[in-house]
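Please construct the entire structure, taking both the sequences and the accompanying hints into account.
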Amino acid sequence: MTQQPLPTRIEEISPTRKSTPWSRYEAAVLGFRNYWYPAMLSRRLRRKPVAVQLLGEKLVFVRSQGKCYALENRCPHRGVPLSIGTCEFPGTHTITCRYHGWTFDLSDGLCVAAITDGPDSSIVGKVRVSTYPVEERKGLVWVFIGDQKPPPFEEDVPEDILDEKAVLGIRVTQRIGNWRLAAENGLDASHAAYLHRNAWLTVFRRFPAYKTNVLPEISNRSVGYTQGPSVLSGEYPALGRWPQNEQQWWKNPRKRPTVSALHLPGFLRVDPFPTPGIVHFEWYVPSDERHHHYFQISVKKTTALNAWRFRLAYWLWWRWLGHVDFNGQDAEMVQLMDPFYSEEGGWGRERLFRPDVVLTAWRKYCHENARAAQSRE
Amino acid sequence: MTQQPLPTRIEEISPTRKSTPWSRYEAAVLGFRNYWYPAMLSRRLRRKPVAVQLLGEKLVFVRSQGKCYALENRCPHRGVPLSIGTCEFPGTHTITCRYHGWTFDLSDGLCVAAITDGPDSSIVGKVRVSTYPVEERKGLVWVFIGDQKPPPFEEDVPEDILDEKAVLGIRVTQRIGNWRLAAENGLDASHAAYLHRNAWLTVFRRFPAYKTNVLPEISNRSVGYTQGPSVLSGEYPALGRWPQNEQQWWKNPRKRPTVSALHLPGFLRVDPFPTPGIVHFEWYVPSDERHHHYFQISVKKTTALNAWRFRLAYWLWWRWLGHVDFNGQDAEMVQLMDPFYSEEGGWGRERLFRPDVVLTAWRKYCHENARAAQSRE
Amino acid sequence: MTQQPLPTRIEEISPTRKSTPWSRYEAAVLGFRNYWYPAMLSRRLRRKPVAVQLLGEKLVFVRSQGKCYALENRCPHRGVPLSIGTCEFPGTHTITCRYHGWTFDLSDGLCVAAITDGPDSSIVGKVRVSTYPVEERKGLVWVFIGDQKPPPFEEDVPEDILDEKAVLGIRVTQRIGNWRLAAENGLDASHAAYLHRNAWLTVFRRFPAYKTNVLPEISNRSVGYTQGPSVLSGEYPALGRWPQNEQQWWKNPRKRPTVSALHLPGFLRVDPFPTPGIVHFEWYVPSDERHHHYFQISVKKTTALNAWRFRLAYWLWWRWLGHVDFNGQDAEMVQLMDPFYSEEGGWGRERLFRPDVVLTAWRKYCHENARAAQSRE
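Protein chains in written order, with my numbering: chain E, -19 to 357; chain L, -19 to 357; chain C, -19 to 357.
Check the hints yourself; a few may be wrong.
Remember, identical chains collapse to one label, so a pair may be satisfied in a single copy or spanning two.
[To be verified] Distance condition first, Cα-Cα at most 30 angstroms in a straight line; then the derived BS3-like pairs of lysine-lysine:
(1) 106 <-> 231
(2) 281 <-> 38
(3) 281 <-> 106
(4) 106 <-> 118
(5) 28 <-> 231
(6) 231 <-> 129
(7) 106 <-> 344
(8) 47 <-> 344
(9) 231 <-> 344
Worth flagging that the hints you see were computed from the coordinates, not collected in a lab.
Structure follows, in structure tokens:
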């Protein structure tokens, strides 16, 4: 056993505390502004505009002559969603509101015509809807939510994904629960050994009872953790050995631990998952206070025939074993935690334990490094 | 082109405004009090009392020996709805509460017996439920909601409908959205040319691109509008001609414009609609803050065999083309506007354009002329 | 007629009153603390823990080696419900949280292990979940909700039920409505003669029109009432005789009145119901502000073969006639009263009548005798 003394920062968390060293993180109920986020699968955005709520804001995505645009999904006139509008002027990059024909330029959001008021309408050029920078890469539409000048796309999206040879298997779902509970579950070093024991993915894997010496590892780009040896089974005082009867011959411990790291504004990198050779990413994109869009991305660097071999394996095996079944156990926990944090004061009542030092490191990291917190005015 | 300068009153509407010249209209979230309203189809009120919410108030309608009555739908004892009650004393105009047999006179709401406390119950004559004046005319039950002495019924209900020769085709539905959004959509001069282009009713009609010179016309009884020539197609700067390719031989412009006028407390008269010879009325009767009862009435003045011919045409054609399909497009817009006005501060954030001068005239007209605004205490 | 003067305490209830002589009762939105309550049928609690909300608190019931336990259904770590947990240490009385393996002693709620942090986890012995005293008797699991030392079980649960010879027929349902409305409906002396006239149970019973001289009877353990002769039919001024035409030969008045008494913290005893020889109990156990668990218990003191004869009769007849049909009429009233009391200020607006003197006696009895009122902080 290589157990270390309990890190002192845990002591800061007590039921009587009045403030936390991560107040900006606690404020970020709707996520962090001024970042690039994945918004949807490219193949979902075709002729019809698509409405999406991100960080509590209502957006509409439009594809015009192949190019993607994002605007505030609300006509400034009477508030009708632009997502039920169409393009009335072929050859232009515009969208026209279904109600009175107010027409907006997709690139800057400016009102360029109000059809039913005639060509000389004085509203033209006077009103504008917000627009959002958009990039389409690797089968995904990405959007910048913020008010600053957007940083280079490559600064926010990891090169593993943007690499020319990267082949992606992607699953996008809506999940219940605040985005921070999902993010913390993703980084959480300790639940895997207990929660995921009975996943289909791990039928042949022998899980340890616990990890030792879990400590945060903070880089300038992310928060991960280091760990000591895992212990296959423990003798718990007054309770006995756990797990018992687990010497099944077909189960073997993993040779190398996976490496996980959580990045701002809220995405996780796991290498490897669900199987050696595949790098896993997951984004927790806030929708509203109690829901998030969950993007799961399996990445393999390969080309040509092997790319198709990977796609086949993803759709035949890894999607169901990893993204659906294994991560579905996480989804259930995130949903079950949400009432505690959203209704019952969980942020002030939670009692953390030793391995959660990784999570408090993440919270402080966000507090110190995040560009801007988003919450309802 | 006969475009006029933008009416100055539009200038009053800006995102920074603190108050509007129609504050009583903004207050009328639940409609206007002291008016006669249509409540339901006569044929819906038979032996069983019917509960309806109007202007946020809970009412029960009762038919007793053919005559209609309306009362507050709440026994003053323990609050049980009187609408589950029955008449226990045949020959009297009373309703008895299902729970303890408290019995109320339908005409004045006075408690005239408490069956389970015996004939000498001291509660008799001590409590009263509110009553509402009721008229049954032309296949509809009408009710006066207010606290003043009701004006003559004919003052609030147009003579087109009450005329002896008037034959009515009526549709009653529940719709989502505050009643004012429905009323403004009804009067709105500009959306028709764009929104209703693809309705089944207008397959053979060539729509103009826009109307010119739309100006409010305020009488002492209603708000309508006048308009200049309609323009079939326009050349929109930097965008091009609209509509394009609309020279279909089977489409012809309408010869005469329809005349629309919006009346207090919230009903529209359109002459003609959906076809020459039929006058259309629609009432927007507030149910609660975000729902209204929508009464559509097609009126034709005729008698005898022609009356039956009109009824047949209404049920075969006009109901489906006009009331269901065409007005269904309006219903969708009203529902889509509602979150903006009810949740997102739309009354202060909307940006109106030139043709909306008709709506602001309506708002000011209500502000100055409405009997009383209704909202939750 | 033996009518008495209206009891003066009724005068205290008027629409303009500012306070009532039963303020502690009005405060008890979620019931009364420091009492034993029935929680569920024994046969419902098997291998899997069962989550139940009682008095607004979230509980989990666990059966371990036959014995029942109740704990706060919320892991102190991240708030995940313990009801999805299992026992990981066979032979111990513990439950382990599904998320990180925090393990709690069922008898005192102490955290005795955190599996994923290893045997030396410092959280062990540091955190605790609330526990609730539990008794399992007569096919029911009972729980003490409170913070005082629980009184002897026999003090809160009537001996009719605990008697060795008592055979029970039990029905447990969830009902809509605040628990106090259900309790008052149970004691209410006056509604039965009107509301339950058309129940299947009473096809052969001739109901009186009203009871006379209904007066509360307060013992040191409960509130019941006495009554004068019942009157089969009355002549109501200006309305006429009621009921009319009720001389059906197959209907006969009941020989003896039933005796009802309402006990703290909210259960009713009716002797006999639904038929002579059976004593009826019903508990109104608050779930949240607008729902309660409804326990109906038919009790017969008998043994051996007669016990089975009673069980057969209960399941063939009395359950359907009494618990389902007859009491279902009460359930409807309780549900219909709830919006008045929960949303429309009913506690201050209700207008009580003479027989309700029994209810006001109950309210004052609770105000003076209840151990502690429960409401949200």
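Hint check:
1. Taking the shortest Cα distances, residue 106 and residue 231 never come within 30 angstroms of each other, neither inside one copy (68 angstroms) nor across copies (35 angstroms).
2. Taking the shortest alpha-carbon separations for residue 281 and residue 38, neither the intra-copy value of 35 angstroms nor the inter-copy value of 49 angstroms comes in at or below 30 angstroms.
3. For the identical chains of this complex, residue 281 and residue 106 are neighbours neither inside a copy (49 angstroms) nor across copies (48 angstroms), given an alpha-carbon limit of 30 angstroms.
4. In this homomeric assembly, residue 106 and residue 118 never come within 30 angstroms of each other (Cα to Cα): the closest approach is 37 angstroms inside a single copy and 49 angstroms across copies.
5. Taking identical chains as interchangeable, the C-alpha atoms of residue 28 and residue 231 lie at most 30 angstroms apart only when they sit on different chains, with a minimum of 28 angstroms there against 50 angstroms within one chain.
6. When the C-alpha separation of residue 231 and residue 129 is checked against a cutoff of 30 angstroms, the pair qualifies neither within a copy, at 52 angstroms, nor between copies, at 50 angstroms.
7. In the homo-oligomer, the alpha carbons of residue 106 and residue 344 lie at most 30 angstroms apart only across protomers (25 angstroms), although the nearest pairing inside one protomer, at 44 angstroms, exceeds that limit.
8. When the C-alpha separation of residue 47 and residue 344 is checked against a cutoff of 30 angstroms, the pair qualifies neither within a copy, at 39 angstroms, nor between copies, at 45 angstroms.
9. For the homomeric pair residue 231 and residue 344, neither the shortest alpha-carbon distance inside one copy (38 angstroms) nor that between copies (67 angstroms) is at most 30 angstroms.
Against the hints set out earlier in the document, violations occur for numbers 1, 2, 3, 4, 6, 8 and 9.
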